[in-house]
Amino acid sequence: MNDILNFISKLNLHKLINALKTGASFWLSVCFRQPFVWGMPYSYSIEPTSICNLSCPECPTGKCLTNRSKVEMPLWLYQSLINQIAPNGLYLMLYLQGEPFLNPNIFEMVKIAKKNKIYSCISTNGHFLDKQNAEQIVASGLNRLIISLDGTTNETYSQYRQGGNFEKVLECIKTLVQAKQSLKSPTPYIILQFIVFKHNQHQLDEFKALGKSLRVDKTELKTAQLYDFENGHPMMTDLLKFSRYRKSGGHFVVKKAIRNTCKRIWTTAVVTSDGMVVPCCYDKIAKYPMGDAGANQLESLWKGQLFGHYRQEVLKNRKGIDICCNCNE
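Position one of the sequence shown corresponds to residue 29 (my numbering), numbered consecutively onward.
Since the hints were derived computationally from the structure, they do not count as laboratory data. It is possible that some hints are incorrect.
[To be verified] Label pairs and their in silico Cβ distance ranges:
hint	residue 1	residue 2	range
1	Gly277	Pro102	46 to 54 Å
2	Gln107	Leu267	25 to 33 Å
3	Gly278	Ser213	49 to 57 Å
4	Asn288	Leu48	37 to 45 Å
5	Glu195	His230	15 to 23 Å
6	Arg287	Gln206	40 to 48 Å
7	Gln206	Gly322	36 to 44 Å
8	Gln209	Ala114	29 to 37 Å
9	Glu136	Ser276	43 to 51 Å
10	Phe64	Gly277	18 to 26 Å
11	His279	Cys59	28 to 36 Å
12	Glu248	Ile36	36 to 44 Å
13	Val281	Lys98	29 to 37 Å
Given the structure is predicted, the values throughout are model-derived calculations rather than measurements. The beta carbon of each residue, even a glycine, is placed where N, CA and C say it ideally should be.
Sequences are here, hints too, so could you generate the full structure?
See the structure below:
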């Protein structure tokens, strides 16, 4: 309830009107099969860095599949984006690829979001939550922190989080929970996230029990996005409920039907660490650049010709866009 109230506190009349305009333009676009774009997005994803300390095998960064520059977003660019986002922005995810806490300005980034009344969230692999950082996280005013822990033993955890240290992450979680208590802060709302794979699917109950013992606010099970899934994948779970895929005609397909619509490209703007605007969080390698936010106003890119063409393609034939074919939206 505290987390919900915290989010509601970021609302004002202007932001509410903008959200209604954005929602209305999406539904009109769906009805008329023609992209209408009113208002600005109310949700944003900004990548603090494209650099990571791990080598996860199904991550484009971990697999070195992306030719994007490995850089940290400079503070001047972030401040410029927040200045543009502040009038309409409700939710900010400080993550796309990479490990956010490798950017030395991450705490200042959160403080800037708080100052501008934007609900902030970070997704992390949990290796950098030592005592000093944990206290800074709490003091910065971060609203939500998602920590990935895809196993309840080092054996299962390390199969995906390659280069990670299971015991260290456990200690970091304990340190963060203790920092919240000592500083008497209700934030950040801590979510412990578990991506379900074949090698860890037997640990779901153990994971929930572990989350309870660590005193996090919530445990969350997530489906795995796998590349080259059509012929099956050694990491694909057997549990249909927690799989993104199902078998059809001897091959695997995305379980959820891919319809010619997508709310994300009307509601959420995504900016990479080098300032490139991309259509959504599934464009992890920036294959569909919409323009440079460092050289252009965000609104001009959001309502620009490139984004307009992309939305039209989604409304016409979303299955023809490769990044949409592994999406559960």
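Verification of the hints:
1. Gly277 / Pro102: 46 to 54 Å: 49 Å, holds
2. Gln107 / Leu267: 25 to 33 Å: 44 Å, violated
3. Gly278 / Ser213: 49 to 57 Å: This hint holds: roughly 53 Å between Cβ atoms.
4. Asn288 / Leu48: 37 to 45 Å: For Asn288 and Leu48 the Cβ distance comes to about 24 Å; the hint is violated.
5. Glu195 / His230: 15 to 23 Å: 21 Å, holds
6. Arg287 / Gln206: 40 to 48 Å: Taking Cβ atoms as reference, Arg287 and Gln206 lie about 46 Å apart, which means the hint holds.
7. Gln206 / Gly322: 36 to 44 Å: 39 Å, holds
8. Gln209 / Ala114: 29 to 37 Å: The hint (29 to 37 Å, Cβ to Cβ) holds, given that Gln209 and Ala114 are roughly 32 Å apart.
9. Glu136 / Ser276: 43 to 51 Å: The hinted range 43 to 51 Å holds for Glu136 and Ser276, with Cβ atoms some 49 Å apart.
10. Phe64 / Gly277: 18 to 26 Å: At 37 Å between Cβs, range violated.
11. His279 / Cys59: 28 to 36 Å: The hinted range 28 to 36 Å holds for His279 and Cys59, with Cβ atoms some 33 Å apart.
12. Glu248 / Ile36: 36 to 44 Å: Once the Cβ atoms are compared, 21 Å apart, the range 36 to 44 Å for Ile36 and Glu248 is violated.
13. Val281 / Lys98: 29 to 37 Å: Distance hint for Val281, Lys98 holds at roughly 34 Å.
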